[in-house]
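> Guided by the hints, dock chain B onto chain A, whose structure is given.
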Amino acid sequence: MEYFVQQLINGLTLGSIYGLIAIGYTMVYGIIGMINFAHGDIFMVGAFGALITFLVLVGLFYSVPVVVALLVMMIVAMLLTSLYNWTIEKVAYRPLRGSFRLAPLITAIGMSIALSNFVQVTQGPRNKPIPPMISKVYEVFGISISLKQIVIVIVTTVLLVIFWYLVNKTSLGRAQRACEQDRKMAALLGIDVDKTISITFIMGASLAAVAGTLYLMYYGVVTFSDGFVPGVKAFTAAVLGGIGSIPGAVLGGLLIGFIESMWSAYFSIDYKDVAAFSILAIVLIFLPSGLMGRPEVEKV
Amino acid sequence: MAAKALLQVEGVETYYGNIRALSGVTVAVNEGEIVALIGANGAGKSTLMMTIFGSPRARTGKITFAGTDITEMPTHEIARMRIAQSPEGRRIFPRMTVKENLQMGASLDNLQHFDEDVEKMFTLFPRLKERIAQRGGTLSGGEQQMLSIARALMARPKLLLLDEPSLGLAPLIVKQIFDAIRELNRTQGLTVFLVEQNAFGALKLANRGYVMVNGKVTMSGTGKELLADPEVRAAYLEGGRH
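Residue numbers (this note's numbering), protein chains in the order written: chain A, 1 to 300; chain B, 1 to 242.
Looking at chain A on its own, in the form it has when it is part of the complex (with noise of 0.2 angstroms):
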C-alpha cells in the first residue's frame, strides 16, 4: 500500500510537469487549429534559461535564499521562452496562416529541430548538472515525500489557478476564447487577433518556462535533447485529455504521470513509454476526441 501510494505521489509530481507543458500545445491548437512541434524545445530552452540564471546567481551573490533564487529563474526563463515563442510564430507561422494545414506543422517541425541544435551548438551536447538545490525529504506513513515534489505540486497548483482565471474570467481570456471559436467575427469586434495569438504563444510559453525550471530542480540535470521526449509525452497528454482542452490537458498530463510511475513500478522502467503510447493508442480508438474534448467538426 505504502508503495502504491509512494508511486501515486511520484506520478503526481511528474503529470504536474507535463500538465504544464501540455497547456501550451492544447491552447496554440485552439486558437490556430496547429500543433506547435517546437513546444518541448521551448521547454528545454526554459530549463536552460533557468539553469544560466542559477548559476549567474551563484556567481554573482555565492550564496542565495532557495525561494528566491527559484523565482528568479522563472521570471528570467518565462522572460527568455516568452521571446523566443513570439518570435517563431511571428517569423514561422504567421506568414503560413491560411496555407494549407502541413505547412506550419512541418515549419513547427522544423523550428522544433533548429531550437535543440543552437542550444546544441551554443551550450554544448553534454548534460548540463546544478547541485540539489532542495534536498529535504519527509517520512510519513512511511511514504517518503520530498520537498521538491512538494514544490512542484504547490507551483503547479498556483499556476493553474491564476491561468484559470485569465482565461475565464477576464476580458484576455474572453478576446481568446472568442477567437479560438469565431476569428472572423472576433475581428468584427475589434479584436486584434494577430495579437491575441501572439499573447497565447506567450502564455504557452511561460507554463513550458516553469515546467523547465521544475524539471531542472526535480532532475538537477538538463541537455539540448531533454525536449523532445517530454515534449512528445506533453503532447500525448494533450491529445490524451482532448486537444484544444485545457483542463483536458492537466487531466491527461497527470494520467500519462501515473501510467508512467506505475508502469515503472509494477511492470518494467523500460516499457514505461510503450505502456504511456499504448494507452493513448487505446484511448484514440475509443474516445477519437479524448477523455474531455468535443467531437471536432472539420473547420473550413
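Derived from the structure by calculation, the hints contain no laboratory data.
Where hints are given, some of them may not hold.
Stated by the list, open to error - Calculated cross-link-like contacts (lysine to aspartate or glutamate; reagent style EDC-like; alpha-carbon spacing at most 20 angstroms):
#1 204(B) - 179(B)
#2 90(A) - 192(A)
#3 120(B) - 183(B)
#4 195(A) - 109(B)
#5 169(A) - 115(B)
#6 120(B) - 100(B)
#7 195(A) - 72(B)
#8 195(A) - 77(B)
#9 216(B) - 231(B)
#10 184(A) - 100(B)
#11 169(A) - 100(B)
#12 158(B) - 179(B)
#13 169(A) - 109(B)
#14 184(A) - 77(B)
#15 99(B) - 182(A)
#16 184(A) - 109(B)
#17 184(A) - 88(B)
#18 184(A) - 72(B)
#19 195(A) - 182(A)
#20 129(B) - 116(B)
#21 99(B) - 130(B)
#22 62(B) - 13(B)
Below, chain B without anything else, positioned relative to chain A:
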C-alpha cells in the same frame, strides 16, 4: 450630400479568387439615415457588408468612414472606428454564454457601460434575459439573431450594419426588431445600413435604398420611390410581400 456622407463606398470591386463579386459599387450612407440594400440571393449584398470591414478586401475603389480612408485598414481597427455589424449567419460564439457574447460586443467600449446597456438590450429583447447564462450555440435561430443584433449594439456604434436582421424570425419579432431600429435611429440618431431580402419591410423602414443585381447597384432612391417603382415591385415585392 456626398461630401457629408458618414460612410462612402466608391467604385468598389471585390473578388473571390478570380470571380468578381462586386463591380464598381458606389453607395453612400449619411449620418442619421437608415439605408436599405435590397437584392436577390447571391447579388453580393453580404459581400459588400464584409468588404466595408476589409474582409475580403476591396481590390479597387475606396471606402471612407467619417472622412477617414478605411479601405486598407485592418478589420479590427475598422471596428474600432465604431462600426458594428450583425453579420450573415449571425456568427454567435457557440461555446460562450449569452452574457459573454454581449461582453464581446462591448469590448470596443471596454465594458464601461456594460450593465446599463445590457438592461437596454433586455428591454429590447426580453428573451435574452431568460437565456443569459445559456451557451450561444444552444439558442434557437431567432434568439441567435436577437443576440447578434444586441451584441452589435453593445459596442455603441456610430454606424450599424445589419445583414438580414429578419432572417429566420417570426413576423411579430421582425416587426419588433424593425420598430427597435427605427426607435434607436429616432432617439439616438443611430445610422443604420441594412441588407434585406424582405424588401417591403426594409424599404418601408429606410429613408433611402439601393437595389443590387449581380454585384452591381442598379437603382437607388428614397424608400418610397423604390416601393413605388414598377421594376422593383415586379422583381422584389409582388408575390413576395411579407
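> Going through the earlier hints one by one, which of them does the structure break, listed in rising order?
Nothing - there is no hint that the structure violates, so all of them hold.
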